[in-house]
Amino acid sequence: MDAPASGANRPEPVPQSFIGGVAVSPDGARLFAVHVLGLMVSMVDLHTGHVLRSVELPAEPYTCVVSPDGSTLFVSLWGGAKVLLFDAKTLDARGEIVVGEHPNSMVLTKDGKRLFVACANTNAVWAIDVDGRRAVEQIAMSLYPNAPAGSTPNSASLSPDEKRLLVANADNNTVAVVNVEKAGRSQVEGFIPTGWYPTGAMFNRDGSRIFVLSGKGLSSSPNPRGNQPGLTGADGQYIGAMLQGPSPSSARRNPRRWRP
1035 MDAPASGANR PEPVPQSFIG GVAVSPDGAR LFAVHVLGLM VSMVDLHTGH VLRSVELPAE
1095 PYTCVVSPDG STLFVSLWGG AKVLLFDAKT LDARGEIVVG EHPNSMVLTK DGKRLFVACA
1155 NTNAVWAIDV DGRRAVEQIA MSLYPNAPAG STPNSASLSP DEKRLLVANA DNNTVAVVNV
1215 EKAGRSQVEG FIPTGWYPTG AMFNRDGSRI FVLSGKGLSS SPNPRGNQPG LTGADGQYIG
1275 AMLQGPSPSS ARRNPRRWRP
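Just remember that my numbering sits 1034 ahead of the position in the sequence shown, which is counted from 1.
Quick caveat, the hints were computed from the structure, so don't treat them as lab data. Bear in mind the structure is a predicted one, so any value in this text is a computation, not a measurement. Mixed in with the good hints there might be a few duds.
Beta-carbon label-pair distances, calculated as ranges [as the list claims (entries may be wrong)]:
1) V1170 to S1253: 36 to 42 Å
2) E1223 to D1126: 16 to 22 Å
3) P1060 to D1240: 21 to 27 Å
4) S1105 to L1177: 36 to 42 Å
5) G1104 to V1132: 22 to 28 Å
Calculated lysine to aspartate or glutamate pairs in the DMTMM-like style (CA-CA distance at most 25 Å, straight line) [to be verified]:
6) K1144 to E1090
7) K1147 to E1215
8) K1123 to E1135
9) K1123 to E1090
10) K1197 to D1240
11) K1144 to E1171
12) K1123 to D1079
All C-beta atoms, glycine included, are put in the ideal place defined by N, C-alpha and C.
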């Protein structure tokens, strides 16, 4: 990679513009990044380090993905219940797709025709027909029919053969295994119990194992000295200080065996 070129085109860092999801174009030439509270998406030239363009968004974004052919950028609009489409070469707007509340993680099939969107404030993953630009399925993530919202699906990924979808359900402490082989007829095959608040799940390259990240560790713990955040000498006694979620490296050391 070339050294970043000099210039004043990089925006000054400000407290509200932290970066959320990022994506790289298939040719490795451009990086896309969403500014979660800055309500913006930026396109960066990876050879020069220059910010080529930044576009304001109507609500808070969560992440972004690029189509396999490198033509389209999809941005999940967490604060707007939509997925926005942009030209991946220019960042010109190319439309939107309505989904459930708080869309977050997204995954595209290799042919770019199906987009799965986890919607955290619902009990569903929305399956999108990209060509038709519409949702064709809402795949239920609840543990029983007609359950109130509370599963909090927050991660979606496909198996190498694209026959199964993994969905991390943070507030159910489960990972759902969904058969998505037949478009429009997806079926949840079961739920894998996990640690506390799973925030990621994915297959390994040959599809034989599943890796799970538990955002808050293995389980909750008591507060034996009471709820006293900030009290001197009470370190480790406040629940907010006892979250011990694993890093990706620890997840690799402790994979779950998957048997299709």
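Starting from the hint list further up, note which numbers the structure goes against and sort them upward.
2, 6 and 8
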